[in-house]
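Asker: So the protein lines, in turn, are chains A and B. Its first residue numbered 1, the first sequence is counted upward by one per residue in the UniProt record's numbering. Its first residue numbered 1, the second sequence is counted upward by one per residue in the UniProt record's numbering.
What the hints contain is simulated information worked out from the structure, not anything from laboratory work. A couple of the hints might just be wrong.
Derived DEER-like restraints, expressed as beta-carbon distance ranges [as the list claims (entries may be wrong)]:
hint, chain 1, residue 1, chain 2, residue 2, range
1, A, Q74, B, W434, 51 to 59 Å
2, A, E226, B, A174, 44 to 52 Å
3, A, A118, B, R607, 36 to 44 Å
4, A, R131, B, A465, 24 to 32 Å
5, B, R190, A, E226, 50 to 58 Å
6, B, A315, A, P124, 32 to 40 Å
7, B, L161, A, Q74, 47 to 55 Å
8, A, G39, B, T227, 47 to 55 Å
9, A, R131, B, P289, 39 to 47 Å
10, A, A176, B, E95, 33 to 41 Å
11, B, V388, A, R131, 49 to 57 Å
12, B, L402, A, E226, 46 to 54 Å
All C-beta atoms in this analysis are idealised placements derived from N, C-alpha and C, irrespective of residue type, glycine included.
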Amino acid sequence: MATLEVAGLEKSFGGVRAVQGVSFAVSPGEMLALIGPNGAGKSTCFNMLNGQLKPDAGAVRLLGCDITGLAPRQVWRLGVGRTFQITATFGSMTVLENVQMALLSHHRRLGELWRPVARMDAAPARALLERLGMADQAARPCGILAYGDLKRVELAIALANEPKLLLMDEPTAGMAPQERISLMALTAGIARESGIAVLFTEHDMDVVFGHADRILVLDRGRLIAEGAPAAVRADPRVREVYLGSGAVTGAH
Amino acid sequence: MENLVLQALSGLASASSLFLVASGLTVIFGVSRVVNFAHGSFYMLGAYLAYTLVTQLPRGHLGFWGGVVGAALLVGLIGLAVEVLLLRRIYRAPELFQLLATFGVVLIVQELTQMVWGAQDLLGPRAPGLRGSTEILGLRFPLYELFLIGVGPVVLGLLLLLFHRTRWGTLVRAATQDREMVGALGVNQRMLFTSIFFLGSLLAGLGGALQLPRESVNLHMDLSIITEAFVVVVVGGLGSLTGAALAALLIGEMHAFGILIAPKITLVLVFLVMALVLVVRPHGLLGKPEAAARGGQGSAEPMIGPAPGPLRWLALTALGLAVVVPPFLGDYALSVLTELATAVLFAASLHLIMGPGGMASFGHAAYFGLGAYGAALAAQWLGAPMLVGLALAPLAAGVFGLVFGYFCVRLSGVYAAMLTLAFAQIAWSVAFQWVEVTGGDNGILGVWPDAWAAPKLVFYYLALALCLGATLLLRRVVHAPFGYALRAQRDSALRAEAIGINAFRIRWLGFALAAAAAGIAGGLFAYGKGSVFPTFMGIPRSVDALLMVLLGGVQTLSGPIIGALAFTGLQEQLVRLTDLWRLILGAVIVALVLFFPQGLAGAARARWEARHGDA
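Bound conformation, chain A alone (with noise of 0.2 Å):
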């Protein structure tokens, strides 16, 4: 079965249609990509699957329980990770317990009044930016670290609920190109290994076609195209799209 399953998809903002009939789904340990150029909507539909914005029509399945219109704390609470273009992480806390909340968020123990965090899922915390090449920084405040290492924070906050689907918005926006290829490789390895579906959506060219086994191209709220990364840069309308005409690769 599908991790992910969208159908007829829509969404409109006063008069413009923003998002209009898109459909596709997202296997387990897939990585898929959703390109477009600016303003295509990919934000649009990416804010609609985990219930940021509530879709005017269309389904979104995960594993085959309909989540349309759920609130994104209970989409995440269903097994849904997520990173945002701009990251979003809690500046006042370190790294670890950045990752440290998320853990215990998912196992319901935000209420508890009485024992300190510090000496809570302490280890499985670690384990995580561990995995994730972090562990060197965990104790430093969020606040401080540096645009690349947010991002891979807010991988490793994604991963701790042990999510089936990930949703990256813009993963590595804002990093050095080295950064990218080894974030995407390290992203693609865990999929793969834990049978998580990716979703994610990206400018950079190097990394969707080094990295996704598959690619949507969304344009003006339609999808145009969709297959395997060779099959996507030979489509005639996916060059239309991007460049009137001309290579794909390195191109915004």
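Given the coordinates of chain A, assemble chain B onto it according to the supplied hints.
Answerer: Using the frame of chain A, we list chain B on its own:
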């Protein structure tokens, strides 16, 4: 019927006066985002200055109207001076700090006014040409009231012209919508802010000066008008002139008819309306949500870590002294110490919502007072022993914390703070007006501890144990998952939601927990004093709590404790030593805001970290 018309007219006159003051407050807020507590002081100064000018100038039209306009202009200049000397330096400080600074100005102005004009009420002359009354529907109606009814719309019209027809006005409106963008476009913001303060203060001064023929000039004008003006501005929508006019109309008429229909609950009514409006329209009648602040996401709030070694030693020493020394002290010193203990818990409870919770409360005294009244009412009407009363105190406060908090924590920033103020004023008005049960202004007397706790020393130890225990408990909560969840929703609402945290529920429970803790402090305070009064829930006490937390520093755990000790100690000593305590306290507040924007504990920590090379 005729009576109703006259009542409506007098409502219009009040609405007009209210609008003058509120319009100044709202334009100042719109542009500078400063909640100016001193606006009421400018209103009072307008009245006093007009009194002096009108009585000194030759009698007649020129003397009177010249005096009124002169007073308004002078107040405008005073507002300008306050902006240039004080507020300009703290625009980047957190909202509550600005509020604190303007409250310092309130205290200074109160003291100076009393020094210049004396404590007794002053009666000004009536307006020449508008002395008598006219007949409306066969009933007499004062001419001056009729004149006031006209002033409001005229001022509104002039202001709208000014804001829509001049370049300056366009800039003001642009800044009200999006201050950062206006700055980015290269507009000289300094001039804009200074001039808007001049205009706003002038309007307050004019409002005060025009009261001269209507009522006596006294030293309580400042705080009574500022609460009403806050209500008007918030109901209308912060920054909205037309909204302020509408709200002034609503509140003015409600006052006029409230007295006819339900004289007992007039005070409650006004704040109930405000609470209702904010629940239904969280940004007021015509207000718009503020443009989201751009730039640095992820707050730079410092972390809460373990206290450094020397601080622990200091705390332990202080605690040791608090336990060992009291047997050698007299009754007066013991009751001061008891009061200090309750102040520490009171401040610590407010800190939970302000610091980790990131919410502002202007009405925390409500829960202190509800605790006190809970205990006192149980003692008075049920003959409950002290321990039962002390158990009921946090229960009463906590239950009301749940009810009020349910509405307050949905809002954010100034609106949330104003809604907490509204609920506190509702609680206060009930205590004040429901005389049969609460004794009204006379309070409830004879709330004394049981015989075993009657000696001051025993009661002190009881208060110390309970307050210290509750404060340490709150501290524990901050380090526990719940406290972290509070900070999580403060740091990033987006991320908190994305990891399954129900921010509303966390804020709500945090609010109720803080209320219950404040209730314990209130209950102990009641038994310590042997009585309760409506002032326990008054605005000044809410401000006291804010002062303690902000003086100490919001972003440290020891802040509220140090702040409570410093503030209560300072006030106690000042009141004892000098008549000028308000002046000195005000000056100290202003100086602290200017020089220790992180609070005392924050400043101490910054020094410590600088010296020890902490990251």
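Asker: Kindly confirm whether 50 to 58 Å is satisfied by the beta carbon distance between R190(B) and E226(A).
Answerer: holds, 56 Å
Asker: Is 49 to 57 Å right for how far apart the beta carbons of V388(B) and R131(A) are?
Answerer: holds, 56 Å
Asker: Given the range 46 to 54 Å, decide if the beta-carbon distance of L402(B) to E226(A) lies inside it.
Answerer: 51 Å Cβ-Cβ, so the 46 to 54 Å window holds.
Asker: Is 47 to 55 Å right for how far apart the beta carbons of G39(A) and T227(B) are?
Answerer: Holds - the Cβ-Cβ distance for G39(A) and T227(B), about 48 Å, lies within 47 to 55 Å.
Asker: Can you let me know if the beta-carbon spacing of A118(A) and R607(B) is within 36 to 44 Å?
Answerer: violated, 26 Å
Asker: Does the Cβ distance between R131(A) and P289(B) fall inside 39 to 47 Å?
Answerer: Between R131(A) and P289(B), where Cβ atoms are some 41 Å apart, the hint holds.
Asker: Given a hinted range of 51 to 59 Å, is it respected by the beta-carbon distance of Q74(A) and W434(B)?
Answerer: violated, 44 Å
Asker: Check the following: the C-beta atoms of E226(A) and A174(B) are separated by a distance inside 44 to 52 Å.
Answerer: holds, 46 Å
Asker: For the hint 47 to 55 Å, verify it against the beta carbon of L161(B) and that of Q74(A).
Answerer: Distance hint for L161(B), Q74(A) holds at roughly 52 Å.
Asker: Please check whether R131(A) and A465(B) have a Cβ separation lying inside 24 to 32 Å.
Answerer: violated, 48 Å
Asker: Is 33 to 41 Å a correct range for the gap between the Cβ atoms of A176(A) and E95(B)?
Answerer: Given a distance of about 38 Å, which is inside 33 to 41 Å, the answer is holds.
Asker: Range hint 32 to 40 Å: satisfied by the CB atoms of A315(B) and P124(A)?
Answerer: holds, 34 Å
Hint violations for this structure: numbers 1, 3, 4, all remaining hints satisfied.
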